[in-house]
Amino acid sequence: MKYGPDPNAVYPNEAIKSVCFIKNIITRPNITVGEYTYYDDINGAEKFEEHVTHHYEFLGDKLIIGKFCAIAKGIEFVMNGANHRMNSVTTYPFNIMGRGWEKCAPALKDLPYKGDTVIGNDVWLGQNVTVMPGVHIGNGAIIGANSVVTKDIDPYCIAAGNPCKIVKKRFDDELISYLQELKWWDWPPEKIFINLEALCSGDLKQIRNISEV
Numbered sequence: 000m001k002y003g004p005d006p007n008a009v010y011p012n013e014a015i016k017s018v019c020f021i022k023n024i025i026t027r028p029n030i031t032v033g034e035y036t037y038y039d040d041i042n043g044a045e046k047f048e049e050h051v052t053h054h055y056e057f058l059g060d061k062l063i064i065g066k067f068c069a070i071a072k073g074i075e076f077v078m079n080g081a082n083h084r085m086n087s088v089t090t091y092p093f094n095i096m097g098r099g100w101e102k103c104a105p106a107l108k109d110l111p112y113k114g115d116t117v118i119g120n121d122v123w124l125g126q127n128v129t130v131m132p133g134v135h136i137g138n139g140a141i142i143g144a145n146s147v148v149t150k151d152i153d154p155y156c157i158a159a160g161n162p163c164k165i166v167k168k169r170f171d172d173e174l175i176s177y178l179q180e181l182k183w184w185d186w187p188p189e190k191i192f193i194n195l196e197a198l199c200s201g202d203l204k205q206i207r208n209i210s211e212v
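If you're matching positions, the sequence shown starts at 0 in numbering that gives the first Met the number 0 and goes up one per residue.
Accuracy of the hints is not assured; some may be wrong.
[Claimed, not checked] Computed beta-carbon distance windows for the label pairs:
(1) Glu101 x Ile165: 40 to 48 Å
(2) Tyr112 x Val88: 19 to 27 Å
(3) Val9 x Thr52: 21 to 29 Å
(4) Ala144 x Tyr2: 25 to 33 Å
Worth flagging that the hints you see were computed from the coordinates, not collected in a lab. Ideal Cβ placement from N, Cα and C applies to all residues, glycine included.
Working from the sequences, and respecting the hints, build out all of it.
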């Protein structure tokens, strides 16, 4: 018996080619994506990597995305390679223009570096969201459409705007703590299958009565 779609398929549903499991189309070694996380874009979901910009291996930063994330079209992850030197008179990148200007190439230590960009598990990123370098978005967070995320977002919070700010928590602190420990996204497919009703219910008490395989 099958317990859900094949996590190793490009398209979880062959009838809906606008949705693909990102893990299975990644080619860059500095991008890591968990199982069942999808990108939805009618213009080419399999082109997800085009939405990870200014991402250069020599800088060493990574984009890390957890499991079961829902990512809408128009997403852009701006990585550390977008940064310019800011401790000099001008921020203009003379060095990339050539013709002798490369003599003023900045050292890596002179470029702002925010580290890895990390998206947790079960995160929903709305349409046309931009995530800036080094941001961490916690498990279960929801980011509203057209937001620009410049700072970390706590787990199970709803956030929106430019710059993106937390609007409210999805649940009370006790339930958030419980879900963080539960880590349902790490369950085997069979356990997820038999607990789908609890995971998808508006009755939040159901999640405390989970069934074991």
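If I claimed the Cβ atoms of Val9 and Thr52 lie 21 to 29 Å apart, would that claim hold in this structure? holds, 22 Å
At the C-beta level, are Glu101 and Ile165 separated by a distance inside 40 to 48 Å? holds, 43 Å
Look at the Cβ atoms of Tyr112 and Val88 and judge whether their distance stays inside 19 to 27 Å. With Cβ atoms ~21 Å apart, the hint holds.
Measuring from beta carbon to beta carbon, are Ala144 and Tyr2 in 25 to 33 Å? At roughly 32 Å between Cβ atoms, Tyr2 and Ala144 fall inside 25 to 33 Å, so the hint holds.
This entry satisfies every hint, going by the numbered hints stated previously.
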